[in-house]
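Colleague: Work the whole structure out from these sequences, hints included.
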Amino acid sequence: MKNKLKKYLLEIVTDIFCLKRDIREKILNIKFKKINYQEIKLNCFNSDDLSDLIDIHNEKFLNFFIHKESSSTLNFICINSINTSKTKTKYDTVYLFGKNVFLSMNWSYEECLEHISKETRMKPFDLKFFKWNNRYHWINGGGSHHFAMANFIATNNKFEHSIDCKVQAYEINLDIANKLLDKYEMFIFNNDFRNYARKIFKDDIEDIILLINGNVLILFDKEKSNNKGYLHLLKLFDKNYILYFNDYLKERMNNQLTYSF
Numbered sequence: 001m002k003n004k005l006k007k008y009l010l011e012i013v014t015d016i017f018c019l020k021r022d023i024r025e026k027i028l029n030i031k032f033k034k035i036n037y038q039e040i041k042l043n044c045f046n047s048d049d050l051s052d053l054i055d056i057h058n059e060k061f062l063n064f065f066i067h068k069e070s071s072s073t074l075n076f077i078c079i080n081s082i083n084t085s086k087t088k089t090k091y092d093t094v095y096l097f098g099k100n101v102f103l104s105m106n107w108s109y110e111e112c113l114e115h116i117s118k119e120t121r122m123k124p125f126d127l128k129f130f131k132w133n134n135r136y137h138w139i140n141g142g143g144s145h146h147f148a149m150a151n152f153i154a155t156n157n158k159f160e161h162s163i164d165c166k167v168q169a170y171e172i173n174l175d176i177a178n179k180l181l182d183k184y185e186m187f188i189f190n191n192d193f194r195n196y197a198r199k200i201f202k203d204d205i206e207d208i209i210l211l212i213n214g215n216v217l218i219l220f221d222k223e224k225s226n227n228k229g230y231l232h233l234l235k236l237f238d239k240n241y242i243l244y245f246n247d248y249l250k251e252r253m254n255n256q257l258t259y260s261f
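Going by the numbering used here, the sequence shown opens with residue 1, and the numbers climb by one from there.
Just so you know, these hints were derived from the structure itself, not from any lab. One or more hints might be untrue.
To be verified - Cross-link-like lysine-lysine pairs, in silico, DSBU-like; alpha carbons within 35 angstroms at most:
{"id": "1", "residue 1": "Lys-202", "residue 2": "Lys-68"}
{"id": "2", "residue 1": "Lys-183", "residue 2": "Lys-158"}
{"id": "3", "residue 1": "Lys-199", "residue 2": "Lys-183"}
{"id": "4", "residue 1": "Lys-60", "residue 2": "Lys-202"}
Modeller: See below:
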């Protein structure tokens, strides 16, 4: 049923937007590789899903993030991710990481907090806050297992433990983001697609931006009318293979307006 519906939608797109069938066939015959989402996924080691989807050194994305620094005090269980750990398992949350530690170690809550204090040398925690995800990330040098287990115990028992911290807060520059959304249709592909992109779309591509995670961001100028057909076609693809970045970015911009710092 899904294949029939997809085929039907493709025919509609082809007819309505006068998409040349040879271009459509070229796109459909490509063996797309999956986008690498591993470095993007939010988990106990990552709270930032945007930095790896753009290139802040590209002139189009200059000043894309607004950066502010401040000092604050907060409950340590507000920290959603940590920077480094000896464990290689990327748990969805610090809580689940802590649960795994709890099952294998016999540390008390007090021992965990004492160990964390030694790791930080009684200095304020260095945190990053990503406003569009409402998430705090601890730039730790160690102590990840004790920290995770303390989080698990504190969450289960509704304990509170306040920490002093220095916070580097990041938010999307909405003016820059809106200008990009107004001017471009943006898509994320696996980097292998770069080999096909210029051959199929030729001069219709505004920019191809290589990303550090094995993906590529391709921009199309909305003003070029001959783009419209295949751009609608690309939006129909599974997000595992083609991510329509405009929608992804809009969702995070809306999230940012919801959260405060």
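Colleague: Each hint should be assessed against the structure and marked as holding or not.
Modeller: Results of checking the hints against the structure:
1. Lys-202 - Lys-68: The hint is violated at about 41 angstroms.
2. Lys-183 - Lys-158: Violated, at roughly 48 angstroms.
3. Lys-199 - Lys-183: The hint holds at about 23 angstroms.
4. Lys-60 - Lys-202: With a Cα-Cα distance of about 20 angstroms, the restraint between Lys-60 and Lys-202 holds, given a limit of 35 angstroms.
The structure does not agree with the numbered hints 1, 2 stated previously, though it agrees with the rest.
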